[in-house]
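All chains should be modelled from the sequences, with the hints used to inform the complete structure.
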Amino acid sequence: MVDIAERAPRERGSLLTNPLARSIFIQATLLVLVIGAGWYFYENARANLAAQRIATGLGFWNNTAGFGISQTLIPYSETSTYGRAFVVGLLNTLLVAGLGIVFATALGFLVGVARLSKNWLIAKVAEVYVEVIRNLPLLFQILFWYLAVLSTLPSPRQSFSFFGLAFVNNRGLVVPEPIFNEGSGAVGIAFLAGLALAVIVRYWARARQMRTGQIYPAGRTALALIFGLPLLVYLVLGAPIRFDLPELKGLNFSTGLRIIPEFIALLLALSTYTAAFIAEIVRAGILAVNKGQTEAAYSLGLPPGLTLRLVVVPQALRVIIPPLTSQYLNLTKNSSLAVAIGYPDFFALFAGTTLNQTGQAIEIIALTMAVYLAISLITSGLMNFYNRRVALVER
Amino acid sequence: MKRFASMLALGLVVCAQSASGQTLKAVTDRGMLNCGANGTLAGFGLPDAQGKWTGLDVDVCRAVAAAIFNDANKVKFVPLSAKDRFTALQSGEVDVLVRNTTWTSSRDTSLGLNFTGVDYYDGQGFMVRKALKVNSALELGDASVCVQQGTTTELNLADFFHAHNMKLKTVTFATANEAVKAYDAGRCDAYTTDASGLYAERLRLANSNDHIVLPEIISKEPLGPAVRHGDDQWFDVVKWTLFALINAEDLGITKGNVDEMMKSPSPEIRRVLGLEGNSGESLGLTNDWVVRIVKAVGNYGEMFENDVGANSPLKIERGLNKLWSKGGLQYAPPIR
Amino acid sequence: MSDIAAEAGIGPFVRRELLAANLPPPAKRGLIGWAREHLISGPFNITMTILSVLLILLIVPPLVRFMLIDAVWTGDNREACVNASGACWPFVKAKFGQFIYGFYPIAERWRPNAVFALGALLLAPLLIPRAPFKRLNAILFFGVFPIVAFVLLTGGNFSLFQFIIGRIVPLAYFVGPPWEIMGLTASFWLDYLISSVLIVSLTAAIAHFLGGNPRAVARMASLLLFLLGLALLACDFDFGLVPVETPAWGGLLVTLVVAVTGIVVSLPLGILLALGRRSELPAVKAFSIVFIEFWRGVPLITVLFFATYMLPLFLPGGLSINGLLRALIGVALFAAAYMAEVVRGGLQAIPKGQYEGAAALGLGYWQTMGQVVLPQALTLVIPGIVNTFIGLFKDTTLVLIVAIFDFLGQIRAAFTDPNWSTSTTLFTGFAFGAVVYFIFCFSMSRYSMFVERRLSAGKRH
Numbered sequence: 093m094v095d096i097a098e099r100a101p102r103e104r105g106s107l108l109t110n111p112l113a114r115s116i117f118i119q120a121t122l123l124v125l126v127i128g129a130g131w132y133f134y135e136n137a138r139a140n141l142a143a144q145r146i147a148t149g150l151g152f153w154n155n156t157a158g159f160g161i162s163q164t165l166i167p168y169s170e171t172s173t174y175g176r177a178f179v180v181g182l183l184n185t186l187l188v189a190g191l192g193i194v195f196a197t198a199l200g201f202l203v204g205v206a207r208l209s210k211n212w213l214i215a216k217v218a219e220v221y222v223e224v225i226r227n228l229p230l231l232f233q234i235l236f237w238y239l240a241v242l243s244t245l246p247s248p249r250q251s252f253s254f255f256g257l258a259f260v261n262n263r264g265l266v267v268p269e270p271i272f273n274e275g276s277g278a279v280g281i282a283f284l285a286g287l288a289l290a291v292i293v294r295y296w297a298r299a300r301q302m303r304t305g306q307i308y309p310a311g312r313t314a315l316a317l318i319f320g321l322p323l324l325v326y327l328v329l330g331a332p333i334r335f336d337l338p339e340l341k342g343l344n345f346s347t348g349l350r351i352i353p354e355f356i357a358l359l360l361a362l363s364t365y366t367a368a369f370i371a372e373i374v375r376a377g378i379l380a381v382n383k384g385q386t387e388a389a390y391s392l393g394l395p396p397g398l399t400l401r402l403v404v405v406p407q408a409l410r411v412i413i414p415p416l417t418s419q420y421l422n423l424t425k426n427s428s429l430a431v432a433i434g435y436p437d438f439f440a441l442f443a444g445t446t447l448n449q450t451g452q453a454i455e456i457i458a459l460t461m462a463v464y465l466a467i468s469l470i471t472s473g474l475m476n477f478y479n480r481r482v483a484l485v486e487r
Numbered sequence: 087m088k089r090f091a092s093m094l095a096l097g098l099v100v101c102a103q104s105a106s107g108q109t110l111k112a113v114t115d116r117g118m119l120n121c122g123a124n125g126t127l128a129g130f131g132l133p134d135a136q137g138k139w140t141g142l143d144v145d146v147c148r149a150v151a152a153a154i155f156n157d158a159n160k161v162k163f164v165p166l167s168a169k170d171r172f173t174a175l176q177s178g179e180v181d182v183l184v185r186n187t188t189w190t191s192s193r194d195t196s197l198g199l200n201f202t203g204v205d206y207y208d209g210q211g212f213m214v215r216k217a218l219k220v221n222s223a224l225e226l227g228d229a230s231v232c233v234q235q236g237t238t239t240e241l242n243l244a245d246f247f248h249a250h251n252m253k254l255k256t257v258t259f260a261t262a263n264e265a266v267k268a269y270d271a272g273r274c275d276a277y278t279t280d281a282s283g284l285y286a287e288r289l290r291l292a293n294s295n296d297h298i299v300l301p302e303i304i305s306k307e308p309l310g311p312a313v314r315h316g317d318d319q320w321f322d323v324v325k326w327t328l329f330a331l332i333n334a335e336d337l338g339i340t341k342g343n344v345d346e347m348m349k350s351p352s353p354e355i356r357r358v359l360g361l362e363g364n365s366g367e368s369l370g371l372t373n374d375w376v377v378r379i380v381k382a383v384g385n386y387g388e389m390f391e392n393d394v395g396a397n398s399p400l401k402i403e404r405g406l407n408k409l410w411s412k413g414g415l416q417y418a419p420p421i422r
Numbered sequence: 024m025s026d027i028a029a030e031a032g033i034g035p036f037v038r039r040e041l042l043a044a045n046l047p048p049p050a051k052r053g054l055i056g057w058a059r060e061h062l063i064s065g066p067f068n069i070t071m072t073i074l075s076v077l078l079i080l081l082i083v084p085p086l087v088r089f090m091l092i093d094a095v096w097t098g099d100n101r102e103a104c105v106n107a108s109g110a111c112w113p114f115v116k117a118k119f120g121q122f123i124y125g126f127y128p129i130a131e132r133w134r135p136n137a138v139f140a141l142g143a144l145l146l147a148p149l150l151i152p153r154a155p156f157k158r159l160n161a162i163l164f165f166g167v168f169p170i171v172a173f174v175l176l177t178g179g180n181f182s183l184f185q186f187i188i189g190r191i192v193p194l195a196y197f198v199g200p201p202w203e204i205m206g207l208t209a210s211f212w213l214d215y216l217i218s219s220v221l222i223v224s225l226t227a228a229i230a231h232f233l234g235g236n237p238r239a240v241a242r243m244a245s246l247l248l249f250l251l252g253l254a255l256l257a258c259d260f261d262f263g264l265v266p267v268e269t270p271a272w273g274g275l276l277v278t279l280v281v282a283v284t285g286i287v288v289s290l291p292l293g294i295l296l297a298l299g300r301r302s303e304l305p306a307v308k309a310f311s312i313v314f315i316e317f318w319r320g321v322p323l324i325t326v327l328f329f330a331t332y333m334l335p336l337f338l339p340g341g342l343s344i345n346g347l348l349r350a351l352i353g354v355a356l357f358a359a360a361y362m363a364e365v366v367r368g369g370l371q372a373i374p375k376g377q378y379e380g381a382a383a384l385g386l387g388y389w390q391t392m393g394q395v396v397l398p399q400a401l402t403l404v405i406p407g408i409v410n411t412f413i414g415l416f417k418d419t420t421l422v423l424i425v426a427i428f429d430f431l432g433q434i435r436a437a438f439t440d441p442n443w444s445t446s447t448t449l450f451t452g453f454a455f456g457a458v459v460y461f462i463f464c465f466s467m468s469r470y471s472m473f474v475e476r477r478l479s480a481g482k483r484h
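Protein chains in written order, with our numbering: chain A, 93 to 487; chain B, 87 to 422; chain C, 24 to 484.
Think of the hints as simulated: they come from the structure by calculation, not from any bench. Just so you know, not all the hints are guaranteed correct.
[To be verified] Now the stretches of chain C that chain A is said to cover, found in silico as 3 or more residues with beta-carbon under 8 Å:
no.	region
1	58 to 66
2	130 to 141
3	320 to 326
4	423 to 436
5	456 to 462
[Said to hold, decoys possible] Not close to chain C: a few residues of chain B, all C-beta gaps over 10 Å, as computed:
no.	residue
6	159
7	169
8	170
9	318
Only a predicted model underlies this, so the values are computations on that prediction, with no experimental measurement involved. Ideal Cβ positions, reconstructed from N, Cα and C, are used throughout, including at glycine.
If you want it as structure tokens, here you go:
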């Protein structure tokens with residue numbers, strides 16, 4: 093008894109075994125380390141910048157950029173500012189990422205379903221596609237599409253012509269350029285109105301079906317509304333949108349909308365590469381739906397098409413959406429590889445050219461990272477929102 | 087031979103070089119000069135398959151090494167792209183940057199570096215296909231032009247087209263290699279860079295004879311070595327090495343005759359060769375520094391002819407780079 | 024009744040004559056049956072088959088013709104290939120050394136070869152589940168191999184000046200001029216010995232003060248310092264190897280160095296981050312989450328730019344870090360964030376009972392993790408780790424954007440060689456690159472599937 097009583101206080105005195113003390117100690121150490129490292133880096137950076145007289149701050153933002161950009165979605169000239177170049181680059185990134193997501197999803201679903209096809213040949217073709225594309229580096233594929241395909245294309249004067257409407261040459265793809273005259277706005281409004289009406293029709297049809305059991309062809313009506321309405325307005329207003337056909341003049345095509353080869357190569361590589369991953373996700377998602385579900389749907393008398401649409405896909409989507417989100421994020425981040433082939437995306441313009449012209453590495457790379465981080469967070473936020481909507485409602 | 091220990095695991099064992107102000111001492115202690123060079127530009131900086139470097143810029147580094155160590159081979163060449171060259175100099179990865187870099191006010195003042203002189207007076211030009219039947223840069227309106235990112239070239243190009251009210255389609259690439267490759271593949275009508283670079287790159291095209299360099303020079307491109315800002319002693323060493331090369335040519339001191347020249351009675355030559363005065367010691371070197379330099383790489387004129395001039399595949403005329411006494415711009419303050 | 028019926032001839036219906044035999048059901052077996060079911064079972068299916076055949080015809084014959092039939096196999100320069108319509112294999116042969124080693128000196132190429140061989144020799148038994156001595160093997164591969172490879176590839180014999188005490192006390196002054204024996208710097212090793220003794224006694228003293236076990240702590244500290252000393256010794260010792268600077272490295276060598284370093288460094292870092300993310304300490308958890316999500320949210324190329332252009336400004340003036348090392352730091356941090364998420368998946372799959380069981384046995388946090396949870400979790404995520412490695416292997420190509428010439432970089436650099444500029448050079452280079460990358464990545468992904476099947480086989484009863 094005496095022994096134990098004597099030993100007890102000594103054990104209580106051991107700080108090493110006290111959970112609270114330990115937790116505080118570990119966290120304090122981490123905090124000190126992080127703050128210390130931060131301060132150390134800050135001090136070094138400050139000293140280096142001062143010693144080498146490197147400018148700091150975002151003062152360059154309103155300076156004249158003075159370089160040309162090969163693809164601009166908003167007006168930009170050599171006399172525009174760095175700030176405007178920033179926006180131009182951001183829009184170019186969003187354009188290629190947005191289109192890439194659309195194409196990759198479409199192709200990915202197609203290939204994913206093809207891999208499960210009963211047709212042996214198409215399943216094998218899809219499998220080979222997935223395996224080959226997944227196992228080659230993306231940068232390799234981008235360079236291939238750019239260098240190899242570009243080198244086989246003819247010069248502008250010998251362009252491949254598609255019925256005189258579009259031309260392909262080593263300067264890219266030239267397509268008729270829409271010229272918006274007065275009244276074009278109305279066509280746009282009609283398009284939006286058609287879209288809104290289609291959504292309303294769909295809700296109405298759904299409600300009516302719930303009430304009466306009758307099916308209304310909402311899909312066809314929606315198509316008619318979305319495309320018919322603008323067309324009607326277009327014709328009524330006397331064709332306000334004109335298309336300028338590409339025309340060869342001097343060295344290049346002077347009219348027509350020119351899509352630069354860098355954009356095409358990047359878009360092609362990004363979509364085909366990501367599609368291979370999406371195909372695997374889709375396949376796994378469909379396989380995850382119990383076969384009993386399909387059988388039950390058939391026994392209820394649902395035809396295969398409706399079974400797929402109403403039974404299989406909604407359940408597969410729950411499995412598909414989370415990994416699909418990360419593929420979308422990957423695609424967006426991978427679009428920065430544009431710098432390897434000279435597509436003027438955000439990274440190439442800002443972390444490339446602007447960094448070089450101003451020499452302010454810290455501000456520019458920090459801003460670049462922040463922008464990509466923001467794009468990532470917004471994309472995953474949207475996808476999480478959608479995911480919550482399709483998720484199984486637990487009752 | 088002991089080498090730099092840039093770091094080992096855990097960052098415990100770091101051999102930090104002395105901070106600014108002591109580059110010369112750091113180089114001497116290390117026994118090796120770190121020189122940032124081009125790596126892909128024939129005539130200025132290009133390693134061959136065995137890793138032996140040749141070029142005018144490269145020879146300037148060799149001259150600096152010869153002045154310090156009396157051994158022109160004590161140089162480690164670090165190939166740099168246009169993009170990472172300034173960072174490499176700022177961070178101390180290289181001691182001197184000789185990478186056909188244009189001397190401009192903003193680089194001199196806000197990038198933390200100092201230019202020590204001009205080893206090649208250049209200007210920007212254009213190369214086009216002969217088949218295009220274009221004879222002047224002014225006919226390039228609406229043309230696509232391939233250009234390298236992060237260079238003065240990119241800005242001059244935009245200025246030129248803007249000034250002449252021509253429409254420009256720039257296609258920008260991260261490296262000169264990519265830009266040339268794209269031009270060769272037909273992506274652009276013209277390729278633009280410094281005129282010397284045009285001659286060098288033309289040699290590497292699939293069919294060099296199908297291309298011509300247009301006569302217009304649209305900019306001033308004084309190319310020269312740069313060092314970090316804030317180390318005056320080192321700045322002086324590199325600056326005067328370049329001046330020594332030009333002075334040697336001025337006085338007719340060549341690689342072949344430098345030993346004979348030691349016997350020359352001319353006080354000027356005797357001063358340059360360190361037989362009188364103490365020009366070397368005041369730089370922190372030995373007084374025979376010019377002798378070492380000339381024995382290692384020859385004088386400026388010899389370097390020029392061997393690397394870019396008549397004795398090289400490039401065969402560039404000396405033009406602006408003639409000595410001041412022969413109607414050119416190369417002029418060095420006297421050594422005395 | 025029956026009689027009457029029989030007489031009337033209308034009895035129960037009984038067939039008197041044999042019915043004509045039915046056609047046999049469509050064969051389900053055999054080539055024809057298989058083809059019928061899988062290729063032409065309906066109009067849609069037939070269309071699909073025709074489309075596939077067209078697609079195959081469009082791609083395969085030209086590919087075979089390019090790679091084999093029309094290809095040029097011998098020659099020394101572009102003359103051999105200038106009129107060929109197929110692949111120019113002499114180009115690959117001429118540039119092969121560059122593709123694999125970059126500008127690594129030809130006389131020294133046995134060193135990367137030795138590293139490749141040693142790596143393969145150590146890796147193979149590690150990957151075969153049945154091979155014995157896993158623990159020893161893992162220690163050799165993850166602990167010893169990197170140091171051997173490092174010394175072999177760089178040439179070793181680094182100058183070490185100060186350890187810890189040497190930074191405060193100018194020891195070199197007491198030892199005299201920095202004299203060396205077999206490449207070992209005396210002042211450094213004196214510094215190392217004094218510092219080690221100090222560190223060991225200091226940690227023991229702290230442990231004693233806090234009521235821990237000073238002897239155990241001292242033993243642990245000495246062991247760690249001893250291992251560190253061995254590694255430093257290997258780097259300092261003069262093996263008589265010619266030094267090869269990293270700018271001379273290139274090709275597949277760099278690709279493998281970056282990928283393997285990335286994975287070896289990122290695995291322990293990733294485990295720590297994953298544990299941190301599941302920690303109950305709010306500061307640790309927050310730090311881990313921010314770290315992981317930050318690196319996962321930005322593209323690798325910005326990380327490489329960060330490491331190449333920004334990192335130097337954050338280090339003390341005059342301290343320069345080798346360009347390859349900078350890229351390695353970037354890749355390792357980036358990979359660690361992804362690895363952390365993979366490991367976290369494994370940790371989440373461990374049932375709560377395991378933690379409770381460990382707690383019931385009286386195990387502490389590190390014991391629980393090290394002895395119970397991690398061994399199970401890591402086995403579970405081997406496929407994930409291999410997949411991360413495949414991703415990393417493919418992502419190493421990005422270093423070419425920061426002017427490090429990996430395998431792809433060397434291929435691309437070779438395109439600009441005027442001695443080999445023909446119309447098929449480009450395609451030949453891409454074809455060769457595709458084959459090499461495919462072999463590496465495909466075999467790794469098959470291995471990961473194999474492990475996955477093996478793991479799930481254990482769960483099936």
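Run through the hints listed earlier and report the numbers of any the structure violates, in increasing order.
Violated hints: 2, 7 and 8; rest satisfied.
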